[in-house]
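K.L.:
For the protein sequence lines, the chains are A and B, in the order given.
Under the UniProt record's numbering, the first residue of the first sequence carries the number 1, and numbering increases by one thereafter.
Under the UniProt record's numbering, the first residue of the second sequence carries the number 1, and numbering increases by one thereafter.
Keep in mind that the hints are not guaranteed to be accurate.
Repeated chains share a single entry, so a pair holds when one copy, or any two copies, can fit it.
Taking lysine to any residue and the SDA-like style, the derived pairs with C-alpha atoms no more than 20 angstroms apart in a straight line are [said to hold, decoys possible]: (1) K296 - D314; (2) K552 - G353; (3) K514 - E594; (4) K249 - Q220; (5) K181 - D201.
Rather than coming from a laboratory, the hints here were simulated on the basis of the structure.
Here's the letter readout for the chains.
Protein chains: 2
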Amino acid sequence: MDIAALRTAHPDHWMKATAIRTLTLDAVAAANSGHSGMPMGMADVATVLFEKHLKFDPKAPEWPDRDRFILSAGHGSMLLYSLMYLTGYEDMPLEQIKDFRQWGARTAGHPEFGHARGIETTTGPLGQGIANSVGFAIAEEIQRATWGKKIVDHRTYVMAGDGCLMEGVSQEAIALAGMQKLSHLIVFWDNNNITIDGTVDIADITNQPMRFEASGWHVQSIDGHDPEAIDAAITAAKNDPRPSMIACKTHIALGHAAQDTSKGHGALTNADQLKAAKEAYGAPMGDFEVAADALKQWAEIGARGAKAHKEWHDRFNALSANKQAEFKRIYAGEAPKRLSATIRALKKQISEGAPSVATRKSSEMTLEVINPIMQETIGGSADLTGSNNTLTKDMGTFHPDTRKGRYIYYGVREHGMAAAMNGMALHGGARAYGGTFMCFTDYARGAMRLSALMGVPTTYVMTHDSIGLGEDGPTHQPVEHLAMLRATPNMNVFRPADTVETAEAWEIALTSQKTPSVLALTRQNLPTVRTEHKNKNMVAQGAYVLADAEGKRQAILLATGSEVSIAMEARDLLQAEGIGTRVVSMPCWELFEEQEESYRKRVLPGGPVRVAIEAGIRFGWDRWLFGERGKREKSGFVGMHGFGASAPAERLFKEFGITAEDTAAKVKSLLK
Amino acid sequence: MDIAALRTAHPDHWMKATAIRTLTLDAVAAANSGHSGMPMGMADVATVLFEKHLKFDPKAPEWPDRDRFILSAGHGSMLLYSLMYLTGYEDMPLEQIKDFRQWGARTAGHPEFGHARGIETTTGPLGQGIANSVGFAIAEEIQRATWGKKIVDHRTYVMAGDGCLMEGVSQEAIALAGMQKLSHLIVFWDNNNITIDGTVDIADITNQPMRFEASGWHVQSIDGHDPEAIDAAITAAKNDPRPSMIACKTHIALGHAAQDTSKGHGALTNADQLKAAKEAYGAPMGDFEVAADALKQWAEIGARGAKAHKEWHDRFNALSANKQAEFKRIYAGEAPKRLSATIRALKKQISEGAPSVATRKSSEMTLEVINPIMQETIGGSADLTGSNNTLTKDMGTFHPDTRKGRYIYYGVREHGMAAAMNGMALHGGARAYGGTFMCFTDYARGAMRLSALMGVPTTYVMTHDSIGLGEDGPTHQPVEHLAMLRATPNMNVFRPADTVETAEAWEIALTSQKTPSVLALTRQNLPTVRTEHKNKNMVAQGAYVLADAEGKRQAILLATGSEVSIAMEARDLLQAEGIGTRVVSMPCWELFEEQEESYRKRVLPGGPVRVAIEAGIRFGWDRWLFGERGKREKSGFVGMHGFGASAPAERLFKEFGITAEDTAAKVKSLLK
């Protein structure tokens with residue numbers, strides 16, 4: 001590249017973009033780790049976007065109607081941090097830039113949501129940002145249709161690299177966005193032809209513009225270092241009714257000795273080369289120094305949004321008090337006050353009627369009373385709507401022609417769905433839930449982990465949660481998935497035993513602020529075990545005594561979900577033989593773990609033998625089988641010891657020995 | 001559709017295709033579950049493929065040079081079972097068809113590898129088959145280049161549905177196959193415009209031919225019910241130097257009342273409608289009956305391959321005895337005899353030199369001695385070659401111009417890589433390993449689970465296995481992943497402590513026949529802890545005493561991987577205070593679990609306090625902290641309690657309290 005020509009063609013622009021490049025070089029050099037090349041390659045695009053198009057106010061990072069800027073290529077975090085520092089985000093003073101990648105800094109190796117106000121999402125695992133962005137854009141579309149353009153009218157801008165586009169989840173996102181005609185979504189592809197292993201063509205020859213066009217996108221290809229071309233392309237993208245992809249031909253590590261090489265992707269720390277690059281830029285400044293004029297111009301850019309922000313507030317204040325309160329409520333992520341009473345009423349009705357239904361149906365029954373009172377819910381399924389029971393009456397389908405619809409047909413795209421749900425939650429004003437078969441948690445893991453890491457309260461409706469799925473066989477039968485999900489920090493895994501527990505689990509999920517929820521639900525019908533109505537949300541304690549022993553307490557049965565009714569049957573068998581048996585329902589281990597030790601010991605006292613019953617593997621159960629302290633209890637496990645099989649569900653439970661009879665026999669053998 | 005016209009245009013073809021359709025209808029009706037529509041829609045394509053193109057011999061389902069037929073749309077399993085029955089596979093008599101989806105039957109809901117000889121791979125989780133097929137085709141290309149066309153020259157045919165193409169993993173597979181110009185790969189897209197939730201356009205408007213073309217595929221679009229068009233398209237596909245996609249416009253559930261509807265996708269069980277469909281087909285037979293003429297023609301198709309098979313055997317027998325033996329060895333999945341001595345020599349050298357290296361480097365050192373003696377290894381990385389240390393000298397890169405190369409640049413495609421590795425293993429004659437950061441296990445889970453379920457001995461090289469990754473931060477730091485992987489049935493999870501254990505783990509992985517392996521390896525350097533050479537493979541026992549207590553045994557430290565050396569340091573601290581401390585290295589829980597209880601009790605005797613040290617979460621460790629039987633031991637855990645952070649690794653270990661000092665303090669507090 002002819003750096004000199006770039007400098008002279010657009011000197012003001014160049015100076016501003018240079019500030020990003022030199023801050024990046026300095027921060028990576030100081031940390032002696034990180035990724036210099038991407039911010040240096042995309043600095044021009046970012047500068048034009050922030051200067052001329054992005055609607056934002058650094059003084060109000062949570063302004064609901066701001067444009068969202070998503071750095072899908074999260075390894076280029078210094079691009080984001082530089083922009084935040086230069087435009088004046090309070091959480092991003094120069095000290096943070098200097099502390100890049102150090103303990104306690106807000107400037108983590110990859111952008112972490114929650115570390116600094118203004119970081120819209122956690123990126124780094126490639127493809128997640130572009131897939132999040134579909135959720136951001138869907139939330140915006142729904143809210144624009146609902147609240148009107150005066151209140152909601154913003155765009156989602158994404159920077160994605162070759163790695164993002166190689167990840168399969170990007171295809172799920174691209175196809176969904178194209179079908180949904182998300183016109184407020186604009187993706188910049190950092191087309192630098194470099195990945196870690198070498199030039200892109202050692203692994204990919206995909207014509208990316210053609211690929212996006214195949215899914216209905218508006219596509220432009222430009223020189224990513226030409227500010228006029230960038231500006232024109234963004235303007236054109238904003239005016240097109242389709243989602244837009246702008247292929248930006250860039251040079252990774254522009255102006256550095258490592259330009260256009262794999263080495264340029266990583267940490268450029270050589271002092272001489274750094275100095276030479278700064279000289280080439282015409283910015284031979286010291287470490288972390290930025291030209292005063294550049295600082296001034298960047299500060300002006302940062303100040304630009306205050307007016308639009310104020311005007312928005314004026315429009316917002318013109319809304320009725322009720323509307324304002326409702327808008328604030330959904331953006332605060334608060335459930336409506338009547339949620340609690342609504343759930344209680346449902347529980348009472350169920351306890352009295354004691355229906356025998358699958359918990360996936362219980363979930364639908366709960367959603368039927370929730371969705372009408374929570375306009376912020378956005379539901380969907382990865383092509384299993386009728387099986388996941390996720391669609392309720394009057395939600396409406398989200399579609400290019402029906403933008404107020406709150407139900408999304410995600411297609412067979414579990415990963416894209418989960419990532420989009422994260423985007424909706426991060427956008428604000430939306431509470432997302434989505435369904436698939438629990439076994440296909442496997443496909444969605446990448447995004448589900450990020451729900452937990454970011455602390456966004458999405459809800460995963462995972463039906464067909466065991467061998468109870470039956471004939472579809474072991475590929476569709478989760479056995480290790482409860483353990484996998486329970487192992488994940490900051491994730492509430494609910495396995496409710498009946499409709500009452502399902503309603504209680506939903507109430508917790510819908511009031512959660514910082515923790516995603518997984519609802520593991522059955523395909524098969526289950527009896528109501530909570531036949532005595534209680535106002536209290538028993539699931540909130542994680543585990544509780546469902547039925548106590550009659551006579552001397554000799555055994556405790558611990559069970560979750562579909563196996564709770566098996567435990568109750570086993571209790572009947574044992575009590576008939578005079579063996580006092582307590583049944584503990586454990587719908588949520590994480591919440592039980594959070595209880596006081598005294599409560600846990602009351603529920604699981606020492607002494608009696610313990611048998612856990614769960615149609616999954618034992619992994620993790622030892623925590624509960626061995627007691628809190630003191631003497632170890634005699635214990636056993638009734639569950640799976642490997643993968644499942646294809647046969648009718650009842651046959652499978654019998655063949656795998658997960659029955660009341662097997663449980664009673666296990667207890668008796670332990671009592672011998 | 002005008003069924004009558006189809007019948008009369010190609011009566012012989014129609015009769016044969018009808019057999020597939022009626023068997024499908026009968027089997028699904030008898031099971032009262034399953035998927036009728038796909039086999040009914042694709043019966044014409046399958047019939048032409050099997051009659052005119054597929055090279056196969058039902059009497060020899062493992063003939064190495066057979067064409068592979070991959071039913072990616074695995075829910076259409078009755079298509080495969082019908083074909084196997086009709087062409088005469090021994091494992092697929094009519095009784096199996098009648099027993100569809102029942103306990104113990106080979107005819108599971110979805111095709112399960114290993115249930116019947118002739119099922120090439122397990123499918124059902126969508127997208128897996130098409131992604132497997134890339135591995136099948138790569139293995140074939142490498143072997144064709146290595147052994148010559150006389151011995152290896154076959155094709156991989158795939159049937160994929162809309163669901164397969166919506167899954168992101170399909171994009172990874174398509175892009176990789178296109179770049180690699182896998183000319184022997186031919187994919188039929190069952191373009192029926194129906195998914196479970198409705199017509200495809202409610203979730204997708206992607207122009208699939210354009211999408212494939214964008215990645216360098218040869219694409220044709222045909223009427224999937226016209227046998228002449230099908231035949232011509234396959235011929236053209238075989239003659240093109242690119243991978244081929246044939247878009248087959250089909251009618252799901254052809255000829256049934258549910259044709260072209262979502263209902264047609266599922267189980268069609270209505271007796272009257274079934275009868276009407278059979279009448280429309282001109283095949284008003286009883287349950288499971290097939291016209292004698294059709295049976296005869298299908299039998300002839302099944303017999304057709306015997307000649308090619310015999311000719312192949314003649315050519316194979318003309319090879320030298322050594323070559324024949326080598327070919328048989330790699331197809332038997334047997335390691336060469338000298339592997340054991342090679343590993344021993346490396347171990348001896350390492351024990352003596354006691355280098356301080358990262359175990360990812362240890363893995364490379366091991367591969368450097370293995371790859372030259374095992375021509376069947378096929379390595380690769382998902383764009384982290386230099387970080388995963390997966391490429392060794394003289395492997396060569398697999399590329400359209402260098403077909404003997406055994407190293408694959410997979411691109412940033414963890415899921416596609418894992419699925420391709422499964423395909424290579426299933427193809428035979430190949431032992432696949434592939435690397436990524438351990439955290440991105442999340443992306444590959446869908447295919448990794450299938451490695452375990454199918455029992456194929458692939459090896460996952462998962463580096464950067466803890467907070468030891470350092471500055472990249474929590475998105476890149478696994479904490480729950482060891483638990484997740486250990487929870488998966490039939491998966492050996494190795495976390496070696498040094499180079500010697502790494503070499504031992506590799507030896508087990510390379511001699512495994514039925515179990516995939518995960519190697520969890522460090523980014524950071526570790527001292528050699530196995531400084532005393534032993535011929536015996538100690539890792540094979542899963543856990544063993546690395547250093548015993550001096551004096552009275554008061555504590556046992558259990559550790560894996562990078563924390564073993566921390567345990568050794570803690571032992572020094574404790575012994576210095578007179579506290580007799582044993583260190584147990586536990587590189588593979590699964591193998592330890594398989595040992596006799598007496599061995600486990602010798603390694604972990606009751607009495608001493610126990611402290612486990614692992615830079616991951618505690619989930620699962622209770623199994624080992626609480627002892628085998630009898631009294632519960634006092635115990636503690638030194639490890640992670642949530643997600644990691646971005647900072648230099650040493651700082652992280654200190655901040656999270658995973659040090660020798662923390663460990664010694666924990667032991668002392670337990671001894672009080």
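K.L.:
Go through the numbered hints given earlier and state which of them the structure violates, listing their numbers in rising order.
P.N.:
Structure breaks hints 1 and 2.
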